[in-house]
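There are 2 protein chains.
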Amino acid sequence: LAQVTVIGAGYMGSAMCWPLRDNGHQIRLVGTPLDAKIIRSCREASWHPKLKRALPDGVEPLYAEQLEQALHGAQLVIQGVSSAGVPWFAGTIGPRLRPDLPVLSITKGLALAPDGTLQTLPGWVDSSLPTQLRGHIPLAAVGGPCIAGELAGRRPSCVVFTGREASLLDRLASMLRTDYYHIWTSTDVPAVETCVALKNGFTLGIALALGMLDRQGGPDAADARMHNLAATLFAQATLEMERIVQLMGGDPVAVRGLPGVGDLFVTVQGGRSVAIGRLLGSGRPLAEALHQLEGVTLESVDVIRVLGKALPVYQRRKMLRPKDLPLVHHLIEIVVEGKPVNLPLDLFFRG
Amino acid sequence: LAQVTVIGAGYMGSAMCWPLRDNGHQIRLVGTPLDAKIIRSCREASWHPKLKRALPDGVEPLYAEQLEQALHGAQLVIQGVSSAGVPWFAGTIGPRLRPDLPVLSITKGLALAPDGTLQTLPGWVDSSLPTQLRGHIPLAAVGGPCIAGELAGRRPSCVVFTGREASLLDRLASMLRTDYYHIWTSTDVPAVETCVALKNGFTLGIALALGMLDRQGGPDAADARMHNLAATLFAQATLEMERIVQLMGGDPVAVRGLPGVGDLFVTVQGGRSVAIGRLLGSGRPLAEALHQLEGVTLESVDVIRVLGKALPVYQRRKMLRPKDLPLVHHLIEIVVEGKPVNLPLDLFFRG
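Residue numbers (our numbering), protein chains in the order written: chain A, 1 to 351; chain B, 1 to 351.
Honestly, the hints are just simulated from the structure, not real lab data. Mixed in with the good hints, there may be bad ones.
A pair counts as met if it fits within one copy or between any two copies, since identical chains are not told apart.
Unchecked claim - For lysine to aspartate or glutamate, the following EDC-like pairs were computed, each having C-alpha atoms within a straight-line distance of at most 16 Å:
| # | residue 1 | residue 2 |
| --- | --- | --- |
| 1 | 52 | 220 |
| 2 | 309 | 115 |
| 3 | 309 | 337 |
| 4 | 52 | 223 |
| 5 | 37 | 65 |
| 6 | 339 | 288 |
| 7 | 50 | 223 |
From just these sequences and the hints, can you work out the full model?
Encoded structure:
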């Protein structure tokens with residue numbers, strides 16, 4: 001049994017308390033500076049306002065100001081901040097880490113490396129750590145279809161832990177595995193982490209179909225919707241996800257498993273990436289759509305912006321042709337260049 | 001412009017009238033003996049009761065008894081009967097076909113070859129034709145995500161025409177392609193047709209999650225559902241679909257496109273395969289579930305039964321190990337052997 005410190009009291013960080021606690025670990029859940037309200041509610045009302053549940057008995061909620069105390073004696077850190085919070089994590093938690101203290105990250109995203117190519121999130125976290133720790137923190141990350149509220153509800157959830165050291169992954173999996181939280185392991189970090197990040201961008205793309213239907217006045221008198229179009233976008237997203245995973249040096253088999261189609265399938269069920277895609281699909285300009293969703297982290301928009309910067313670098317290096325990723329290119333046109341939605345369906349499923 | 005005869009006035013056969021008519025072809029829509037009510041409604045009330053729309057102007061609805069007249073001068077036959085209707089089609093329409101008259105089939109299913117292995121539907125249709133025509137009818141088939149009501153509503157729909165002759169596929173595609181009906185072609189018949197058939201069986205499997213949620217009393221107070229589990233089943237279905245496509249000699253790339261994940265995604269949105277899977281997932285015995293859905297063709301159950309017969313043949317030939325297809329094997333246990341639902345999640349994503 002271990003002392004575990006979860007950093008970040010949002011949906012997913014908090015949900016990790018369930019399998020950890022059911023396995024008997026001691027848990028401290030530390031909010032980021034943005035999570036003060038959540039921590040207060042957990043401490044004073046025994047209620048997690050995002051998950052709409054009481055935390056499991058024995059989880060200790062702590063404020064960001066109590067970081068020192070929270071990390072004292074920790075044997076595992078769960079990195080549960082959003083991708084926007086990674087610099088804060090690296091700057092604030094980084095100096096307090098030790099080379100033997102493993103970090104399991106649940107953050108999603110791709111970052112730009114200094115040469116303009118794409119970098120997976122564990123790579124970015126590592127490169128953001130204090131110099132003497134870089135390459136020395138045992139880093140792992142989680143991929144696969146896992147809505148936090150379902151994990152906290154102890155509904156069956158299947159995920160993949162990824163990292164470079166198989167022995168670390170096995171150790172972490174045995175700490176967290178329960179009869180409802182099923183864990184596979186993979187040392188193919190580029191494949192799993194690329195899928196994890198891309199699924200939000202592609203979900204925005206698939207949700208364009210919902211907005212296009214809205215724009216045509218919704219279902220017609222015979223209730224015809226646009227599921228056929230959404231399915232087409234899903235299929236093209238699968239193919240383009242494979243291409244980007246290959247570009248990142250990963251094995252595309254991950255796309256046909258939990259991290260790829262599995263996570264994409266669950267993400268399309270609802271949430272922020274669907275909401276923004278639907279607004280854009282209905283013809284709303286990006287600024288207006290963003291305004292309407294103000295205050296929420298839009299990982300979908302972030303990852304498309306990062307792709308918009310990085311893909312030209314790969315094209316200049318002849319590693320990619322524009323026609324290889326027609327859906328991604330149109331998403332960049334919509335999100336970065338503000339162009340209207342006009343799906344290039346006839347460029348799909350080529351090559 | 002061509003004279004086209006559509007055989008079968010169910011959802012999909014009838015929906016094909018829209019792109020055909022929008023391209024100016026002359027269309028006769030002939031009901032099977034089971035479609036008499038539909039044809040009467042189309043003729044007397046100008047209303048297709050299943051699609052809940054009037055047929056396009058110029059489509060001529062005819063009864064099964066008017067087959068001779070319907071096929072007179074036909075330049076293309078659309079085979080729109082269900083898989084249960086294929087023997088009727090072969091026995092009744094077969095003798096009236098000519099070696100130069102192409103048949104485009106929209107039927108889904110896998111059949112058993114005489115040696116107990118699996119046979120795609122075009123192969124089955126061909127082998128059911130009168131001896132002198134076998135191997136001489138230009139056969140093609142349609143795969144991909146296409147809800148009939150959306151095609152009839154002229155919503156964007158993307159499909160694949162498959163057949164052994166590329167020139168036939170190009171000709172058919174140019175006859176049917178419109179600005180809302182997008183057509184790709186593939187000569188990989190085993191891959192496309194295996195996907196087309198399997199998607200109903202796997203949809204039943206994915207829908208088990210809905211029933212398992214029902215059995216636990218539905219969403220909990222915090223609205224936790226079982227999307228994570230459904231996504232896990234979707235991912236495993238994708239992997240097993242690839243394995244069966246390979247077993248059939250097809251290229252598994254089709255699984256990552258319209259015929260595979262595309263069609264599976266759209267089929268999971270609703271319909272009969274979802275309904276039966278949900279009932280089974282909730283613990284209802286097969287007989288009771290079938291009784292509740294009486295009168296509807298259950299292609300999902302049919303394809304699982306066919307797999308239950310054929311897979312042991314492949315295993316005896318050492319082409320397959322039982323552990324290669326844990327989801328399919330459990331679906332066979334449920335549907336053929338009447339065993340209770342008990343998903344072997346920990347056997348998923350191996351090898």
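How the hints compare with the structure:
With identical chains, the CA atoms of residue 52 and residue 220 are at most 16 Å apart between copies only, with a shortest distance of 11 Å across copies and 37 Å within one. Within a single copy, residue 309 and residue 115 get their C-alpha atoms as close as 11 Å, which meets the 16 Å cut-off; across copies the closest is 56 Å, which misses it. Taking the shortest alpha-carbon separations for residue 309 and residue 337, only the intra-copy value of 12 Å comes in at or below 16 Å, while the best inter-copy value is 55 Å. With identical chains, the CA atoms of residue 52 and residue 223 are at most 16 Å apart between copies only, with a shortest distance of 9 Å across copies and 34 Å within one.
Taking the shortest Cα distances, residue 37 and residue 65 sit within 16 Å of each other inside one copy (13 Å), while across copies they are farther apart (74 Å). With identical chains, the CA atoms of residue 339 and residue 288 are at most 16 Å apart within one copy only, with a shortest distance of 14 Å there and 53 Å across copies. Taking the shortest Cα distances, residue 50 and residue 223 sit within 16 Å of each other only across copies (12 Å), while inside one copy they are farther apart (34 Å).
The structure meets every hint from the earlier list without exception.
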